[in-house]
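Enquirer: Listed below are the residues making up each chain.
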Amino acid sequence: MTNAAVHMEGQLHAPAHGAVATAAVHAKGQQHPIKLYLVVWGWLFVLSTCSYLVDYFGLHGYLRWSLILLFMVLKAGLIVAVFMHMAWERLALAYAILLPPIAVLVFVSIMVLESEYTHFLRVLFFAAPS
Amino acid sequence: MAETLLTDPGQSPARLEGWRGIAADWASDQRAFKNVSWGKAMMWIFLLSDTFIFSCFLLSYMTARMSTTVPWPNPSEVFALNIAGKHIPLILIAIMTFILISSSGTMAMAVNFGYRRDRVRTAILMLVTAAFGATFVGMQAFEWTKLIMEGVRPWGNPWGAPQFGASFFMITGFHGTHVTIGVIFLIAIARKVFRGDFDVERRGFFTSRKGYYEIVEITGLYWHFVDLVWVFIFAFFYLW
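Respectively, the protein sequence lines represent chains A and B.
Under the numbering used here, the letters of the first sequence match residues 1 to 130, in that order.
Under the numbering used here, the letters of the second sequence match residues 1001 to 1240, in that order.
No lab work stands behind these hints: they were computed from the structure.
We put the CB at the ideal spot given by N, CA and C, even for glycine.
A few of these clues could be false.
Unchecked claim - If the Cβ cut is set under 8 Å, some of the chain A residues that face chain B in the computed set are:
1) Gln30
2) Leu63
3) Ala76
With the hints as extra help, turn the sequences into a complete structure.
Expert: Listed below in structure tokens is the structure:
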């Protein structure tokens, strides 16, 4: 009773017998066409190739960094949204999971300042030109 | 009483959407994640905590790389391979990336077939995913061996900033461990799927609870997360 109680609606009515025959009728949970996954898979391949080509052609400076970040964000977004089904979850879950990592960006900015300061001190005291 | 509330989430009236939906979901003195089982919610929360762990690794790498006065070794050259007489930069890492993405694709399809209760296809696709994962770990072992033979150590290397080795072994080692655990997880669940545990609702050995095909999706969440982390490692460590 208690065990069954905690499970989601899709499973409460899951058939215990003749599963395959009634599969289409009773299939619940995250159901999406296979084609969608194949399309996303293809895009992930394209984006990975693009980010590899950034290195292969030896692009430099801000162009290189912005392209790397762009392809990275697109790939991560596709994986989270489609493969991990976040696009179809309720917002209460999506925000609970996706908002906290923003704190990491604050941490990044703190550490950028800190490492620039460390670098400055090292140049000043240890790597002084002779 | 509390159980009565939990028993039938499907019976409740239409749920609100948008911001009002978030407030209502979190404030309703019930469970916050309405149509997500505890297993899936807990996997998501675990993945969130894991996100912070990998973030800290990448952050410490960033700090080391930004604050050193010694030039950082060029990953494009460090991870280059000579294949058929041609010198190709970063090729091993590129192949590893494609392998991991392919494994994510097969995993996504396994989840799909799982919810269709197609146990044979689900199990086969999960085993294919595990095989891709094992290949990935094998290539990583090759990469580690190559670098160690060339003299890379956590405290130094022949090409530049000594922190390179520490960052490399820490980040890729932790990720490789995750992939290895994922492969074991996949094989364990694939065995249960193939045996039909979720069709006959056989009770679990440790938990004495009935399993559901949802565990395939939960396994998939973990696996996609491993792929997701690699996306960031690939961008920041190998390409930057």
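Enquirer: None of the hints should be skipped; say for each whether it holds.
Expert: Results for each hint:
1. Gln30: holds, 6 Å
2. Leu63: violated, 13 Å
3. Ala76: holds, 5 Å
Checked against the numbered hints above, the structure breaks only hint 2 and satisfies the rest.
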